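Engineer: Sequence:
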Amino acid sequence: MISLASCNEISEKINQNVNEWVMRYNSEYEDRKTTDYGQILFPENDRRSWYIRFPFEPVLSLDQQQQIATPLLSKPTVQQLLRRTPLFPQISQHSLAWHIVQFMRTAWNLPTPELIISVTGGAKLCNLTREMSNAFQQALISAVLTTDAWIFTGGTDSGVMKEVGNAIDKCRQKNIPCIGICSWYYTTDYEQLEQNRDPTTTTDTNLSEVTESFPLDTNHTHFLLLDDMCGANDGDWKKMYSLSKEDEHKSEIPRRADLTLKLRAEIEQEARKTTDDKHKSLIPIVQILVDDGQSSILTMCEAVALRTSVIVIQGTMRAADRTAEVYNMLYPSNSGERSIEEYRNRQEARKTFASEYKEMDDSIINKTNRKKFIDMMTSENGYFLINVIQFRPEVS
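When we follow the UniProt record's numbering, the leftmost residue of the sequence shown carries the number 1, and every step to the right adds one.
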């Protein structure tokens with residue numbers, strides 16, 4: 001992929017908007033300037049997508065803190081843990097998520113949507129059959145075209161994100177915003193997206209300590225590349241967890257890319273907010289869970305915590321089927337009409353579930369997400385916002 005400084009006439013105005021926006025932003029935020037942005041040319045299909053790199057300070061969850069050997073008195077950022085220095089947060093009127101959404105609207109000039117669709121699921125492999133894949137893509141396209149929606153995904157060229165990209169490719173002439181929110185250091189060949197990079201220089205890192213990477217999907221229209229500011233070498237990140245060589249390959253070890261999940265949920269929620277004729281309103285949002293494992297569980301937990309409705313596609317295996325199984329066990333009589341009385345009546349079932357899952361340890365639910373999953377499934381938000389749909393693609 002190639003980073004482009006300028007594009008055709010249609011892109012010139014957006015380039016100008018981006019440059020002006022970045023200059024204003026960087027003058028206000030000296031500690032987290034953004035310097036890498038523009039367009040990506042994908043040789044595979046000769047298409048261009050907008051991208052920008054946003055530095056951010058991730059905050060570890062309580063679950064992640066408990067896995068770190070050093071005792072901590074307060075909720076730390078990754079940089080605090082690496083540097084062991086006090087943090088003096090910059091006071092800002094607006095959150096980073098607010099700035100990112102403003103950038104999308106004013107610099108990228110994305111139109112206000114009528115619906116926001118967040119898709120999470122199989123990141124490496126997606127276990128959908130051909131019939132399921134076709135049905136999923138058709139349903140997604142139908143929903144998008146009838147609502148002028150924005151779509152958010154993890155943005156990589158694999159799993160359910162590739163399924164979304166393939167769906168967008170079938171109706172590219174409609175200019176549907178399909179936005180990948182990715183980890184900068186998990187992006188294959190991210191060095192090629194750095195501005196003013198000396199092509200003769202090489203990165204001095206031990207290859208065994210470099211984070212695994214994934215290519216970007218060529219059919220997404222925009223990419224928000226989130227930089228956790230921990231550097232290209234993954235050694236410092238692994239030291240936080242005191243990992244042995246044997247531990248590094250275990251599925252329950254936290255993944256560095258998961259640091260972006262909280263900010264992703266905040267961006268999606270911020271994108272809902274609109275001001276029209278001095279009246280504030282919220283755009284409807286829904287998250288779709290298809291397949292996958294521990295990271296998608298965390299993505300869903302962050303979304304539900306911010307009151308995003310979730311559609312769980314039962315029958316697509318792994319995280320989706322586990323979530324559907326637990327929800328149906330907790331609330332077997334839920335037929336669409338929900339009430340606080342029913343939620344309260346299922347208190348004993350929730351206690352039993354929490355007791356059974358407090359030591360759960362497999363490839364889907366383990367110490368990286370166990371507490372958040374239990375809290376989500378037993379919460380009022382989980383009861384009212386999670387919706388289970390049995391996936392039955394029609395056979396022609």
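Quick caveat, the hints were computed from the structure, so don't treat them as lab data. Computed from a predicted model, the values in this text were never measured in an experiment. Just so you know, not all the hints are guaranteed correct.
[Unchecked claim] Listed next, the in silico SDA-like pairs over lysine to any residue satisfying Cα-Cα at most 25 Å (straight line):
#	residue 1	residue 2
1	Lys351	Arg338
2	Lys33	Ala143
3	Lys372	Thr218
[To be verified] Simulated DEER-style distance windows between Cβ atoms:
#	residue 1	residue 2	range
4	Ser142	His94	53 to 63 Å
5	Thr35	Ser11	52 to 62 Å
6	Thr112	Thr35	44 to 54 Å
7	Asn19	Glu114	46 to 56 Å
8	Glu359	Glu28	42 to 52 Å
9	Glu191	Glu359	18 to 28 Å
10	Gln192	Ser339	20 to 30 Å
11	Glu325	Asp31	40 to 50 Å
12	Lys174	Glu356	45 to 55 Å
13	Asn19	Thr147	52 to 62 Å
14	Asp189	Lys33	17 to 27 Å
15	Asn26	Ile340	41 to 51 Å
16	Glu44	Thr274	29 to 39 Å
Note that CB positions come from ideal geometry on N, CA and C, so glycine has one too.
Engineer: For which of the previously enumerated hints does the structure constitute a violation, in increasing order of number?
Structural biologist: As far as the earlier hints go, 2, 3, 4, 5, 6, 7, 9, 10 and 13 are violated by this structure, in ascending order.
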